[in-house]
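Student: Residue-level listing of the chains:
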Amino acid sequence: MSALKIKKGASSHSAYDLRDPNAEVIGSHTLAVMVDNEAGVLARVIGLFSGRGYNIESLTVAEVDHEGHRSRITVVTTGTAAVIEQIKAQLGRLVPVHEVHDLTVEGPSVERELALFKVAGSGEKRVEALRLADIFRANVVDSTLESFVFEITGTPEKIDAFAELMRPLGLVDVARTGVAALARGA
Amino acid sequence: MSRQMTGAKMVVQALKDQGVDVVFGYPGGAVLPIYDEIFQQNDIRHILVRHEQGAVHMAEGYARSTGKPGVVLVTSGPGATNAVTGLTDALMDSIPIVCLTGQVPTFMIGTDGFQEADTVGITRPCTKHNWLVKDTSKLADTIHQAFHVATKGRPGPVLIDIPKDVQFATGTYTAPREAKVNHYQPKVKGDLAKITELVALMEKAERPVFYTGGGVINSGPGASLLLRELADATGFPVTSTLMGLGAYPASGKNWIGMLGMHGLYEANLAMHGCDLMINLGARFDDRITGRIPDFSPKSKKAHVDIDPSSINKVIHVDIPITGDVGHVLEDLIKVWKSRGRKVNKDGLAKWWGQIEQWKLKRCLSYKNSDKIIKPQYALQRLEELTKGRDRYITTEVGQHQMWAAQFLGFDAPNRWMTSGGLGTMGYGFPASIGVQVAHPDALVINVAGEASWLMNMQEMGTATQFRTPVKQFILNNERLGMVRQWQQLLHGERYSHSWSESLPDFVKLAEAFGWKGIQCKDPKDLDDAIMDMIDFDGPVLFDCLVEKHENCFPMIPSGKPHNEMLLGDASTEGAIQAGGAVLV
Ligand SMILES: Cc1ncc(C[n+]2csc(CCOP(=O)(O)OP(=O)(O)O)c2C)c(N)n1
Ligand SMILES: [Mg+2]
Numbered sequence: 001m002s003a004l005k006i007k008k009g010a011s012s013h014s015a016y017d018l019r020d021p022n023a024e025v026i027g028s029h030t031l032a033v034m035v036d037n038e039a040g041v042l043a044r045v046i047g048l049f050s051g052r053g054y055n056i057e058s059l060t061v062a063e064v065d066h067e068g069h070r071s072r073i074t075v076v077t078t079g080t081a082a083v084i085e086q087i088k089a090q091l092g093r094l095v096p097v098h099e100v101h102d103l104t105v106e107g108p109s110v111e112r113e114l115a116l117f118k119v120a121g122s123g124e125k126r127v128e129a130l131r132l133a134d135i136f137r138a139n140v141v142d143s144t145l146e147s148f149v150f151e152i153t154g155t156p157e158k159i160d161a162f163a164e165l166m167r168p169l170g171l172v173d174v175a176r177t178g179v180a181a182l183a184r185g186a
Numbered sequence: 001m002s003r004q005m006t007g008a009k010m011v012v013q014a015l016k017d018q019g020v021d022v023v024f025g026y027p028g029g030a031v032l033p034i035y036d037e038i039f040q041q042n043d044i045r046h047i048l049v050r051h052e053q054g055a056v057h058m059a060e061g062y063a064r065s066t067g068k069p070g071v072v073l074v075t076s077g078p079g080a081t082n083a084v085t086g087l088t089d090a091l092m093d094s095i096p097i098v099c100l101t102g103q104v105p106t107f108m109i110g111t112d113g114f115q116e117a118d119t120v121g122i123t124r125p126c127t128k129h130n131w132l133v134k135d136t137s138k139l140a141d142t143i144h145q146a147f148h149v150a151t152k153g154r155p156g157p158v159l160i161d162i163p164k165d166v167q168f169a170t171g172t173y174t175a176p177r178e179a180k181v182n183h184y185q186p187k188v189k190g191d192l193a194k195i196t197e198l199v200a201l202m203e204k205a206e207r208p209v210f211y212t213g214g215g216v217i218n219s220g221p222g223a224s225l226l227l228r229e230l231a232d233a234t235g236f237p238v239t240s241t242l243m244g245l246g247a248y249p250a251s252g253k254n255w256i257g258m259l260g261m262h263g264l265y266e267a268n269l270a271m272h273g274c275d276l277m278i279n280l281g282a283r284f285d286d287r288i289t290g291r292i293p294d295f296s297p298k299s300k301k302a303h304v305d306i307d308p309s310s311i312n313k314v315i316h317v318d319i320p321i322t323g324d325v326g327h328v329l330e331d332l333i334k335v336w337k338s339r340g341r342k343v344n345k346d347g348l349a350k351w352w353g354q355i356e357q358w359k360l361k362r363c364l365s366y367k368n369s370d371k372i373i374k375p376q377y378a379l380q381r382l383e384e385l386t387k388g389r390d391r392y393i394t395t396e397v398g399q400h401q402m403w404a405a406q407f408l409g410f411d412a413p414n415r416w417m418t419s420g421g422l423g424t425m426g427y428g429f430p431a432s433i434g435v436q437v438a439h440p441d442a443l444v445i446n447v448a449g450e451a452s453w454l455m456n457m458q459e460m461g462t463a464t465q466f467r468t469p470v471k472q473f474i475l476n477n478e479r480l481g482m483v484r485q486w487q488q489l490l491h492g493e494r495y496s497h498s499w500s501e502s503l504p505d506f507v508k509l510a511e512a513f514g515w516k517g518i519q520c521k522d523p524k525d526l527d528d529a530i531m532d533m534i535d536f537d538g539p540v541l542f543d544c545l546v547e548k549h550e551n552c553f554p555m556i557p558s559g560k561p562h563n564e565m566l567l568g569d570a571s572t573e574g575a576i577q578a579g580g581a582v583l584v
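Line by line, the protein sequences give chains A and B.
Its first residue numbered 1, the first sequence is counted upward by one per residue in our numbering.
Its first residue numbered 1, the second sequence is counted upward by one per residue in our numbering.
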């Protein structure tokens, strides 16, 4: 893994080649699903995951093509190779789904998440929070005499790490967007 | 051909343009405008059902016996929720259904209006796709899309929810050819390289078997013809799931019978012992595989399926081929012929020798009686007395269903309709009406259990009203027979609520609806009684009193491998241990 913690596509063999030596290994995959932005499409995708017992670690959705009414759903899920293949095939057969990409295996990709952290405190702790925020390149988007709201973007791991550091310094509330991801290169 | 019209009129116009000749439905407040349009035309026939579940099963029977989509029209709220079982049944068995539901007007949606239900929410997991149409100008386009989605790729039920104000409002009609259907175009051609790989295996295989399923039927009659051509040319044995019966003829020389939980000994052992399994349009259902790690352990497996999510879902296969069975068979035959029509003759001869050995077990034999009608005997007689005719069979769910699959022979596709995936008691009777509506002159028989049959018996009125001369052949064991069998084998013979208590007098019931009722309990009278049923020009309720405690064999208990099949009562003692008992 690189410094950015981009998961390199370990393999990109055929969708059906499930006799992988890692077949029983549970891995995390980031899927990009292009859908028609029609009523109920998100319910359809979520219903598929709950109905068939798949995990959702993170989910983001927004219309990315206003003229074509296309939305991009980014979903981070976990499962064995066989389960991930099944998830992709099940997503692929939903009528409003146009494309399903497994960014984790299709090649290098970048992943980013945005989070807001409210940290309350005074004195040493307040100074330390501000110092750490600077190291993590988090911005202060709101401040009172007793609190800050930090905005941070990065990989989910980076945001997790920031959360760990803020906890003893008076972390009150967190809002995270979930992962947005794109394949690298042209 | 753009025209202004009301939404209600559009519905009828779109159905006509889709070639629909019959709709199964039930009116209510939220579909009154559509019913008003139906009243004012004569091209589309409306069959008034007695319960919306019946409407969907009728549409399924219609669809499965014609290859055309079945159409259902019901009202909002309870009309829609009553249709849910039928939609789920059609989803599990991949049957094309277009279901139109009324909805409260758009401005009332979300207010808990009278007869409001979140129909698209409720039916999302039990349809292939569904739509709520909020704009009249999109209605016709949506209906055309619905027919496209229901029938293309792996068929299935779709639903269009139409608020009442959308039915009243005026908009522009869209003709079928202008409809936006381009995006949903499932791939039908299989990958030639994979097909060639399969041919190479077929040329060498010593113990091949064709494992065929409902996909062959759904692919259309052409696929059945191609299957026959290929099986007969290669000499490979053919077995089929419950859903695929008739694709390869039961009278064909390569037919080795149905496989699965109540399949034939030779078919299941052929699956277990084969070295090449060619799955054509079947989906490795748990009724077929038994215990997964022991499923056909020594074979190379190829799987042809139009739905990529069916492939490698439960069984890992060596040669996955995504495509329509008919298209793939066509290419497969071409490639096989072009490479010199090779098969492993010696291997095949030995393999058939082995299969003939297995057949000697005569796994369907049972102890007949001259005092009481054995259900198997009743079906043998039914087969004998009806087999040459233009015959369609539907069934309910239970022991009688499995016996029907075992003892009736199907030589053509689309002649056998049974609830396979969902196992819906109450399916067979309405389905038989749907079949009869599509084939008014055919002999349509529902092989039923008394308990299942009662689940949708209200449709007797429908059969009377629309003069569908359906024959209800009830194998009445006064038991929820299949449940009783499992309780005997798995639950220490504690027969908890598996009695059919307080049964009606079926003959009187028949008469009450203007049907003919027949009761038969003596094996000696059976043939005459069956002939009476066949010859009667109208619906018949045939109450065939059969042995109450007969078990259905062969049986592969849940969680057991194919080669641990139970063949008769003697073999059942302690056969099923706790591990299998948790399985359905
Ligand atoms: C709607 C529904 N409820 C329950 C079941 C479970 N079930 C499967 S077979 C069966 C008994 C069916 O009895 P009957 O129709 O008399 O057929 P038999 O087995 O006696 O031939 C039951 C209750 C089912 N399949 N469908
Ligand atoms: Mg019964």
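Hints were generated in silico from the structure; no laboratory data involved.
In this text, a Cβ means the ideal position worked out from N, Cα and C, and glycines have one as well.
Wrong hints could be hidden among the right ones.
[Claimed, not checked] So these bits of chain A aren't anywhere near chain B, every CB distance computed over 10 Å:
{"hint": "1", "residue": "Glu24"}
{"hint": "2", "residue": "Asp36"}
{"hint": "3", "residue": "Asp65"}
{"hint": "4", "residue": "Gly79"}
{"hint": "5", "residue": "Glu85"}
{"hint": "6", "residue": "Arg93"}
{"hint": "7", "residue": "Leu94"}
{"hint": "8", "residue": "Val95"}
{"hint": "9", "residue": "Gly107"}
{"hint": "10", "residue": "Arg131"}
{"hint": "11", "residue": "Arg137"}
{"hint": "12", "residue": "Asp142"}
{"hint": "13", "residue": "Thr177"}
[As the list claims (entries may be wrong)] Residues on chain B that point at chain A, a partial pick, calculated with CB under 10 Å:
{"hint": "14", "residue": "Val120"}
{"hint": "15", "residue": "Gly121"}
{"hint": "16", "residue": "Pro125"}
{"hint": "17", "residue": "His129"}
{"hint": "18", "residue": "Gln488"}
Student: Taking the hints in turn, state whether each one holds.
Tutor: Going through the hints against the structure:
no.	hint	result
1	Glu24	holds (13 Å)
2	Asp36	violated (8 Å)
3	Asp65	holds (14 Å)
4	Gly79	holds (13 Å)
5	Glu85	violated (6 Å)
6	Arg93	violated (5 Å)
7	Leu94	violated (8 Å)
8	Val95	violated (4 Å)
9	Gly107	holds (21 Å)
10	Arg131	holds (50 Å)
11	Arg137	holds (42 Å)
12	Asp142	holds (35 Å)
13	Thr177	holds (26 Å)
14	Val120	holds (6 Å)
15	Gly121	holds (7 Å)
16	Pro125	holds (5 Å)
17	His129	holds (4 Å)
18	Gln488	violated (33 Å)
Violated hints, in rising order: 2, 5, 6, 7, 8 and 18; the structure is consistent with all others.
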